[in-house]
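Protein chains: 2
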Amino acid sequence: MFDRVALIGIGLIGSSIARVMRRDKLARSIIACARTEKTLNTAKRLNIVDETTQIISEAVHGADLVMICTPVSTYGEIAKEMAPALKPGAIVTDVGSVKEAAVTAVVPHLPKGIHFVPGHPIAGTENSGPESGFENLFEGRWFLITPPPGTEQAAIDKVANLWKCAGSHIEYLEPAHHDQVLAITSHLPHLIAYTIVGTATDLEEDIKSEVVKYSASGFRDFTRIAASDPVMWRDIFIANRDAVLEMLGRLSEDLAGLQRAIRIGDGETLEALFRRTQEIRRGVIEAGQHIPPAPVNLDKEK
Amino acid sequence: MFDRVALIGIGLIGSSIARVMRRDKLARSIIACARTEKTLNTAKRLNIVDETTQIISEAVHGADLVMICTPVSTYGEIAKEMAPALKPGAIVTDVGSVKEAAVTAVVPHLPKGIHFVPGHPIAGTENSGPESGFENLFEGRWFLITPPPGTEQAAIDKVANLWKCAGSHIEYLEPAHHDQVLAITSHLPHLIAYTIVGTATDLEEDIKSEVVKYSASGFRDFTRIAASDPVMWRDIFIANRDAVLEMLGRLSEDLAGLQRAIRIGDGETLEALFRRTQEIRRGVIEAGQHIPPAPVNLDKEK
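Going line by line, the protein sequences match chains A and B. Everything in the first sequence is counted per our numbering, starting at 1 for the first residue and increasing by one. Everything in the second sequence is counted per our numbering, starting at 1 for the first residue and increasing by one.
Quick caveat, the hints were computed from the structure, so don't treat them as lab data. Treat each hint with caution, since some may be false.
Copies of the same chain look alike in the list, so a pair counts if it fits in one copy or across any two.
Said to hold, decoys possible - Simulated crosslink set (BS3-like; lysine-lysine; CA at most 30 Å straight-line):
#, residue 1, residue 2
1, Lys213, Lys87
2, Lys213, Lys158
3, Lys25, Lys208
4, Lys38, Lys208
5, Lys208, Lys87
6, Lys213, Lys80
7, Lys80, Lys38
Keep in mind it's a predicted model, so treat the numbers as computed, not measured.
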């Protein structure tokens, strides 16, 4: 499918797609680029890439597919560095959770004849680093493609085919619309999880230890989400600021309403909401999206 | 261990402990009491109880252990109805998520010589009803006992031993302290999950369908929590109002701080929090509380 693939960043997503490409022989060679020797050595040890380098221009040299798998704040610098070294006609893609900011950061740097196909796999776990990846992470999950107007169809199809091999279903969205949808389905839940776990860490010492001890009652699920990569998520909230603040505003209003209902003992309002939310769950189950990712990295969890 | 056990309510928790008692032959006979014929028929069909009745005084007649497994708002009425029929020396226990309100609702109705041992298993799933129970639900989980001052030790030990057979670890807490801890570990996470899923249901139609479609990116976990029993949770928030509002106040402050950080693009503040929350997750994993309940009711999930 590809001759030479350059992965800029080899964390959970980068290492998982590398495993897929190895399994299905989708690339003649895969080169990984990362900032630290340590990450690259891990990738080599796992035998999921053929070559490694810390130099971006070296990584993309001769590559027909370049995939950016780093936090969104790094995109501009990476695009600038890779631009002069890109092979004419190469496809550049990414896996970032915010798409308007990705387009804005990357497109201005790319020379004519380079195809930028922004993408986003709706899959992941709370773990990060090359060891945390696994080849069936994307199985049955969505891969969203948000091509800027005028992107060549052949380039889009090549990226789509790669992710189909990974087991993903493909969908096409406008970048701005993608960012709005993800603000509520992903960014807001993460923000809330981070907040609530943070609130718990500020509690008086005697309660704090008990919070961990008795976390199986709901809190546990939030700690899992709030264990996600700090830098990646810092960048997401800043890059998708407008949509996140808009959704957070709505949430705050709704929360104030519930607070009032609890204060005045208005059980009807509470129960009515709790029945409505059960229906959404049924929708999620019907859409087949209720099963969490299968093989958790057990070594890391221990 | 017991001669005759009366279960008032036979949902997720009641039916799970009934299964444990059956498996380990802890009771000579088990009688289930529920409001609807349908629930009782299900319990009979599942063969987890020996007798059924819709009349509370009939259920507790001759029982040496009475376990209340219904929403907290029903406790007062149930205690009042059972009081005249209770066998002298009987133990009354419960499994409710709020303990001060449980004590306040039950104790005034109980005749002298009856032992009230309030309890709370820190275990559960989002499913409800007798079919959703399973015998290893409590395996490795905490069972919290919050005895009012002066409760007889022998009665406490009998209840503790039952839950040890279910695989639980026992801990003793003051009722008010229990309610504070659970407000942050359980009640607030549920409130937030209900809110965020509710916010999503109020979105414009075009986004709403996509929220379900792309829920695997974080939202899914909230929909699971927000599928919990509406009546049970309505009662919990109202019964534990003060502690829930206190914790909600802290959360709102913290959320306002994060909102500001996002608005002004203060990445440092965000990243610092996100690193702190990772540590809490490590604590949860070290405490062995990170693994979600094992056998989900798959029939119901399909």
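Open item on the list: Cα distance capped at 30 Å. Does Lys213 pair with Lys158 within a copy, between copies, both, or neither?
Closed with: between (49 Å within a copy, 24 Å between copies)
- [ ] Can you give me the call for Lys213 and Lys87, within, between, both or neither, at a CA distance of at most 30 Å?
- [x] Cα proximity of Lys213 and Lys87: none, with 55 Å in one copy and 37 Å across.
Task: Lys25 and Lys208: within-copy, between-copy, both or neither at 30 Å Cα - done: Result: close neither inside a copy nor across copies, 50 Å intra and 38 Å inter.
- [ ] Give the relationship of Lys80 and Lys38 under a CA distance limit of 30 Å: within one copy only, between copies only, both, or neither.
- [x] Close inside one copy (25 Å), not across copies (67 Å); limit 30 Å.
- [ ] Indicate which option fits the pair Lys38, Lys208 if close means a Cα-Cα distance not exceeding 30 Å: within, between, both or neither.
- [x] The answer is neither: 35 Å in one copy and 43 Å across copies each exceed 30 Å.
- [ ] At 30 Å max between alpha carbons, let me know whether Lys213 reaches Lys80 within a copy, between copies, both or neither.
- [x] neither (48 Å within a copy, 35 Å between copies)
- [ ] Using 30 Å as the alpha carbon limit, work out where Lys208 and Lys87 are close: within a copy, between copies, both or neither.
- [x] neither (55 Å within a copy, 41 Å between copies)
Hint violations for this structure: numbers 1, 3, 4, 5 and 6, all remaining hints satisfied.
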